Amino acid sequence: TASTDGLVVAPLKSARKGRAEAFAQEEADEQAGRTFSILEKSLLLREVKLLRYVSTKFLPSLAEIAQESRVLSGEYVCEQGTETSARFIVIAQGCLQLWRLDDDGERKVLRELRAGDSLGNTGLIHDSW
Numbered sequence: 001t002a003s004t005d006g007l008v009v010a011p012l013k014s015a016r017k018g019r020a021e022a023f024a025q026e027e028a029d030e031q032a033g034r035t036f037s038i039l040e041k042s043l044l045l046r047e048v049k050l051l052r053y054v055s056t057k058f059l060p061s062l063a064e065i066a067q068e069s070r071v072l073s074g075e076y077v078c079e080q081g082t083e084t085s086a087r088f089i090v091i092a093q094g095c096l097q098l099w100r101l102d103d104d105g106e107r108k109v110l111r112e113l114r115a116g117d118s119l120g121n122t123g124l125i126h127d128s129w
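Residues in the sequence shown are numbered consecutively from 1, following the working numbering.
Hints may be right or wrong, so weigh each one.
Here are the simulated distance ranges between beta carbons [stated by the list, open to error]:
no.: 1; residue 1: Ser61; residue 2: Arg107; range: 19 to 27 Å
no.: 2; residue 1: Glu106; residue 2: Ser61; range: 39 to 47 Å
no.: 3; residue 1: Thr56; residue 2: Asn121; range: 18 to 26 Å
no.: 4; residue 1: Asn121; residue 2: Glu64; range: 14 to 22 Å
no.: 5; residue 1: Arg107; residue 2: Ser55; range: 36 to 44 Å
no.: 6; residue 1: Leu101; residue 2: Tyr53; range: 29 to 37 Å
no.: 7; residue 1: Gly94; residue 2: Leu50; range: 39 to 47 Å
no.: 8; residue 1: Gly94; residue 2: Val54; range: 37 to 45 Å
no.: 9; residue 1: Lys49; residue 2: Glu75; range: 35 to 43 Å
no.: 10; residue 1: Asp102; residue 2: Lys49; range: 42 to 50 Å
no.: 11; residue 1: Ser37; residue 2: Asp103; range: 44 to 52 Å
no.: 12; residue 1: Tyr53; residue 2: Tyr76; range: 26 to 34 Å
no.: 13; residue 1: Cys95; residue 2: Asn121; range: 17 to 25 Å
Taking lysine to any residue and the SDA-like style, the derived pairs with C-alpha atoms no more than 25 Å apart in a straight line are [unchecked claim]:
no.: 14; residue 1: Lys108; residue 2: Gly81
no.: 15; residue 1: Lys49; residue 2: Leu39
no.: 16; residue 1: Lys57; residue 2: Glu47
no.: 17; residue 1: Lys57; residue 2: Glu75
no.: 18; residue 1: Lys108; residue 2: Leu96
no.: 19; residue 1: Lys49; residue 2: Leu98
no.: 20; residue 1: Lys49; residue 2: Trp99
no.: 21; residue 1: Lys49; residue 2: Ser61
no.: 22; residue 1: Lys49; residue 2: Phe36
no.: 23; residue 1: Lys57; residue 2: Val71
no.: 24; residue 1: Lys49; residue 2: Leu59
no.: 25; residue 1: Lys57; residue 2: Tyr76
no.: 26; residue 1: Lys49; residue 2: Ser85
In case anyone wonders, no lab produced these hints; they're calculated from the structure.
Since we're looking at a predicted model, the values are computed, not measured.
Ideal placement from N, C-alpha and C gives every residue a C-beta, glycine not left out.
Take these sequences, add in the hints, and give me the full structure.
Below you can see the structure in the form of structure tokens.
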């Protein structure tokens, strides 16, 4: 992912289209360099639990500073034991797995994050002190 601070939003597949159609549209959008509109980002932010009490009138301001980043399958957003930045990450499409290595070195999936889920909430609070 991008190493810049701020909100990271991944590209969104259309929920109204079939899987093959949505995948083709996503590929076309990616090749065309399409980004989310302020409205699309605002609608996504409205679904984030941490922002549920933020007035709707402030969401476009947050959406304006949101940065989009695509995370490829198998790519790490952060790793166990490494320091994280004060990024607030919102999943727009797809799934991120949160996992930890157990004592035998095996991956233990703790949670799967999907569209509207976020991570990095604590880092924002801690880094602001």
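Each hint tested on the structure:
1. Ser61 <-> Arg107: 19 to 27 Å: At roughly 39 Å between Cβ atoms, arginine 107 and serine 61 fall outside 19 to 27 Å, so the hint is violated.
2. Glu106 <-> Ser61: 39 to 47 Å: Hint holds: Cβ distance 44 Å, inside 39 to 47 Å.
3. Thr56 <-> Asn121: 18 to 26 Å: holds, 20 Å
4. Asn121 <-> Glu64: 14 to 22 Å: holds, 21 Å
5. Arg107 <-> Ser55: 36 to 44 Å: 40 Å Cβ-Cβ, so the 36 to 44 Å window holds.
6. Leu101 <-> Tyr53: 29 to 37 Å: About 36 Å separates the Cβ atoms of leucine 101 and tyrosine 53, which means 29 to 37 Å holds.
7. Gly94 <-> Leu50: 39 to 47 Å: The hint (39 to 47 Å, Cβ to Cβ) is violated, given that glycine 94 and leucine 50 are roughly 20 Å apart.
8. Gly94 <-> Val54: 37 to 45 Å: violated, 24 Å
9. Lys49 <-> Glu75: 35 to 43 Å: The hint (35 to 43 Å, Cβ to Cβ) is violated, given that lysine 49 and glutamate 75 are roughly 24 Å apart.
10. Asp102 <-> Lys49: 42 to 50 Å: violated, 28 Å
11. Ser37 <-> Asp103: 44 to 52 Å: Because 47 Å falls inside the window, the suggested range holds.
12. Tyr53 <-> Tyr76: 26 to 34 Å: With a Cβ separation near 31 Å, tyrosine 53 and tyrosine 76 satisfy 26 to 34 Å, so the hint holds.
13. Cys95 <-> Asn121: 17 to 25 Å: For cysteine 95 and asparagine 121 the Cβ distance comes to about 18 Å; the hint holds.
14. Lys108 <-> Gly81: holds, 15 Å
15. Lys49 <-> Leu39: holds, 18 Å
16. Lys57 <-> Glu47: Holds, at about 15 Å.
17. Lys57 <-> Glu75: Answer violated: lysine 57 to glutamate 75 is near 35 Å, above 25 Å.
18. Lys108 <-> Leu96: Within the cut-off at roughly 14 Å; holds.
19. Lys49 <-> Leu98: holds, 18 Å
20. Lys49 <-> Trp99: holds, 21 Å
21. Lys49 <-> Ser61: holds, 18 Å
22. Lys49 <-> Phe36: Given pair lysine 49, phenylalanine 36 holds - Cα atoms ~20 Å apart, limit 25 Å.
23. Lys57 <-> Val71: Between lysine 57 and valine 71 the Cα gap is close to 29 Å, so the pair fails against 25 Å, i.e. violated.
24. Lys49 <-> Leu59: holds, 13 Å
25. Lys57 <-> Tyr76: violated, 34 Å
26. Lys49 <-> Ser85: At roughly 20 Å apart (the allowed maximum being 25 Å), serine 85 and lysine 49 satisfy the hint.
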